[in-house]
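Whole structure, please, built from the sequences with the hints as guidance.
Going by this note's numbering, the sequence shown runs without a break in its numbering and finishes at 484.
Bear in mind the hints are in silico, worked out from the structure with no lab data behind them. Check the hints yourself; a few may be wrong.
Stated by the list, open to error - With a Cα cut of at most 25 Å, we get these calculated DMTMM-like pairs of lysine to aspartate or glutamate:
1. 318 - 286
2. 343 - 217
3. 215 - 319
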Amino acid sequence: MGVMEGKAFLMKYLGGVDGIAVCVDSKNEKGENDPDKLIEFVKMSQHSYGAINLEDISQPNCYKVLDVLQEECSIPVWHDDAQGTACVTLAGLINALKLVDKKIEDVKIVYYGAGAANATIARVINAYGADPTKTIMFDSKGGLHKNREDIKKDKRFYRKWELCEATNPDNINDIEEAMKGADVLISMAKPGPDVVKPEWIKSMAKDPIVFVCANPVPEIYPYAAKEAGAKIVATGRGDFPNQVNNSVGFPGILKGTLMARATKITDNMAIAAAKSIAKFSEKRGITHDDIIAKMDESEVFPFEAADVAMQAIEDGVARKKLTWQEAYDWASADIKNARESTKALVDGGFIKQPPDEIINDAIKNAVDKVKQ
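Okay, here's the thing in structure tokens:
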């Protein structure tokens, strides 16, 4: 609940979107998570909301829940851990490739981890223009390819099977072999710091790009990745350069979606948001240690929202037509209002700072996690 309340605050403060945190008990009588119960809950409650953001739904249930609700609900339903992470990752990759002078269709990409996030990231990056035949993804049992009968037999993992059919034509099962000559590594695996080995990075192509996004500790620390030869390193943490974080994506995406009264959030809309973030970041200046805008750069969100609204119209899922300038002005006004209202409440003492002991405990807990 605390995480979702925080996310609702970010939606309001960064995107001018009102959000309500709702925790749902979707377990059946056996104590197992039942995707059908969650689907039924969302369908029954959809008329109370403009959009629904799904959170913390494990694989493979996340695929069924999202795909069914996208088709059967009259409002947009999306899974931020999937499409949201894919959007921001693609935004960072677009600018990283510019800095190393490589084209998306030419690069070899290795994905380490095959959960909901990385599976969607691969799908969206392929839709953007990457060559699936130059893509290799790994789960805990090895490489994904057409010979993975364990995935083929389990129909719940249909999204993973789509990647098995489209990628890794040489049926590579060894991560060390896959990393040889790779241009990009995108890791959404378990926390490190020894999950990704320096030797793997040393075997990559010239000027390799390494995204290691596990939290609270990346799969390899940025300094170690750079010592091994990485040209650009991104993580999920704000205290390292190049944070790849959903917070720069979902507020703008949802604002644009709601302004256009879209019925769904398409992959094209997520790609439009990624291109918008990348363009905004490039315009204000990018470097090897600063490839993507941060969430405190409030100007990025109206641009993103307007671009998403235009893509919704182009994709035929919008119920309201508006120009880019109208969308930009609308989003800018709402975001400004949200930020100024919050400041007024803080200045007036209606929103109080948390006690020092709570802040100190939070810092201590974070430090302890890193040490572990």
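How the hints compare with the structure:
1. Restraint check for residue 318 and residue 286: the C-alpha separation of about 21 Å stays at or below 25 Å, so the hint holds.
2. Annotation: proposed proximity of residue 343 to residue 217 holds, straight-line Cα distance about 19 Å (limit 25 Å).
3. Note on residue 215 and residue 319: the hinted pairing holds, with a Cα-Cα distance of about 13 Å set against a maximum of 25 Å.
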